[in-house]
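Participant: Now for the letters of each chain:
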Amino acid sequence: MTVLSLGADRDLRPDAFVARANPVAKLVVALLVSLTLLLTVDVVTAGVALALEAAVLPWCGLSAAGLLRRGWIVVAGAVPAGLVTTWLGVDSGEVLLAVGPVTVTQGSLLAGCAITLRILSVGLPGVVLLATTDPTDLADALAQVARLPHRFVLAALAAMRLFALMGSEWESLGAARRARGIGDDGVVGRARTASGQVLALLVLVIRRGTRLAMAMEARGFGAPGARTWARTSRVRRSDLGVVLAGVVIVTVATVAGILAGTWHLALT
Amino acid sequence: MAAPESPHAPARTASVPSPDRSPSDGGETARPPAGAAAPAGALTARAVVPAAVGLALAATVWAVGLPAGPSLFGSSLADLTVPTAILLALTGLWLAGWTSTTRETWRVVDIVTASVLGVAGGFLFVLWNLSWPVVSGALAAFPPASGIGVGIWLLPGVLGALVIRKPGAALYTELLAAVVSALVGNQWGFSTVWYGFLEGLGPEVLFAILLYRRFGLGASLGGGAAAGVVVGLLDTFVYYPTFSPWFKSVYIVAAITSGVVIAGVGSWALTRALARTGALSSLASGRDARRV
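Top to bottom, those sequences are chains E and R.
Start counting the first sequence at 10; every next residue gets the next number (our numbering).
Start counting the second sequence at 113; every next residue gets the next number (our numbering).
To be clear, the hints were calculated from the coordinates, so they are not data collected in a lab.
Heads up, the beta-carbon is just placed ideally off N, CA and C, and yes, glycines get one too.
Among the hints, a few may not be true.
[Stated by the list, open to error] Stretch by stretch, here's where chain E covers chain R in the computed footprint (C-beta under 8 Å, at least three residues):
#1 300 to 307
#2 323 to 337
#3 343 to 357
#4 364 to 377
#5 382 to 393
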């Protein structure tokens, strides 16, 4: 069961090696991969990382269709970013295309490819993590394995249950406003209507949050003393394997980039 | 951990947060240099030492400069002088603010309200993520101008800090909103989580420098600006590293403006309006509103 409507689980094999790993292990891999790849903008590092990630996909429990359905939006973000860079990036090398002020050179084309590959290679582990992880399991693991403050983790999980409710509340607020004749057309009018509606939504959710806090406290949430857990989150030996695989991917990709001479710190 | 004190007991509303809180809480900000202008009692060694050490280290790094010799994979360490100095100074000031707070623990109602605000912020993110292709498409003729739209993504952090008024509120609310945005799925995938963390850290540092005592319009504008700086730098680093320096500067200025206007003014106005409805009555910000 998932809190947010992440789609049906039928294209998911929950018993796959990566899918059944502890959520914290998957989170570590996603953090590691994103941090390492954001340090550099080069085709080799991002390309190798993406290829290795694609190679381990069969063990992730996500079918090609499922991956496409959940990951298309990352592609939709990666391609335009690459195109913008190709168009406007610093020109260097041979001119491949010149239309008016816009020039596409070898250098800017390469940079554009690197940007697209980088966003894809950072995004892929995240898509797998989010698609194969139940938010409840993630919260249990964050509180028990990663030892994050459990009051915050559990309150966040409780609040996430309200997310679907917020959608329907947003709609009924809009309908109520329309019934009263409030609500403008056009970009400015819609922005004005939306900002008023945000306040109404915030009032509703804060009131609900205050009641929720009272109810949780009445059942002993946040009371002093050790907390016990109904669902225990365990770390198995295979979780170590998942983390190691992540380490191997980023190491191989970075070493390949350095050997190819394309790796350079993107901060400068 | 907080004593299990019911936040809804009538006695709670009568008790004012803490005695050393300045009565002008919520007024204009003078931006005290880490404790100097703060009320008596805050100027302890715990506050002054980290600030002084951080500033001294930053000044030293700035003056001497990092050695050019050891290069980190081709890029000289000397290029990192300014970012390192800024980072050191900010860390010192942040530590000073953090350690000199009264360390009021978070009550359950603070945590749950911050969580709910974070999820509501995530809901706002999802709506804005969906409209983003249209907005950025309209600005495609001059790409750096798209920075003026980032303010919506900075709103939850500043709002969380203004409403909850606890150390860490900006960071927690913004991070949670980003996690929700990533869970639902967006164009930027997992990097949203990193973004949320850093976008929350920006205003968090600012509120810490103000010793978590100022939550008025000035502080709100500063928080929005801090978040704008962070997102401007991040975007030019992650998404537009090949922009010319001129384009990068325009983008960063646009992001800061957006942060100040949408996140700064917006959070302040929202908090005031929320306090008027009485929804914040069990929180520090609501108590303050009633006193006025």
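Participant: Check whether three or more residues of the stretch 343 to 357 of chain R sit with their beta carbon closer than 8 Å to a beta carbon of chain E.
Facilitator: Answer holds; 8 residues pass the 8 Å Cβ test.
Participant: Holds or violated: the stretch 382 to 393 of chain R covered by chain E, criterion of 3 or more residues with Cβ-Cβ distance under 8 Å?
Facilitator: Coverage by chain E holds for the stretch 382 to 393 of chain R (6 residues, Cβ < 8 Å).
Participant: Three or more residues of the stretch 323 to 337 of chain R near chain E by CB distance under 8 Å?
Facilitator: violated (count 0)
Participant: Confirm or reject the coverage of the stretch 364 to 377 of chain R by chain E under the rule of 3 or more residues with a beta carbon closer than 8 Å to the chain's beta carbons.
Facilitator: violated (count 0)
Participant: Just to make sure I understand the rule, a stretch counts as covered if three or more of its residues have a C-beta closer than 8 Å to a C-beta of the chain. Does the stretch 300 to 307 of chain R meet that for chain E?
Facilitator: holds (count 6)
The structure is inconsistent with the numbered hints 2, 4, although it conforms to all the rest.
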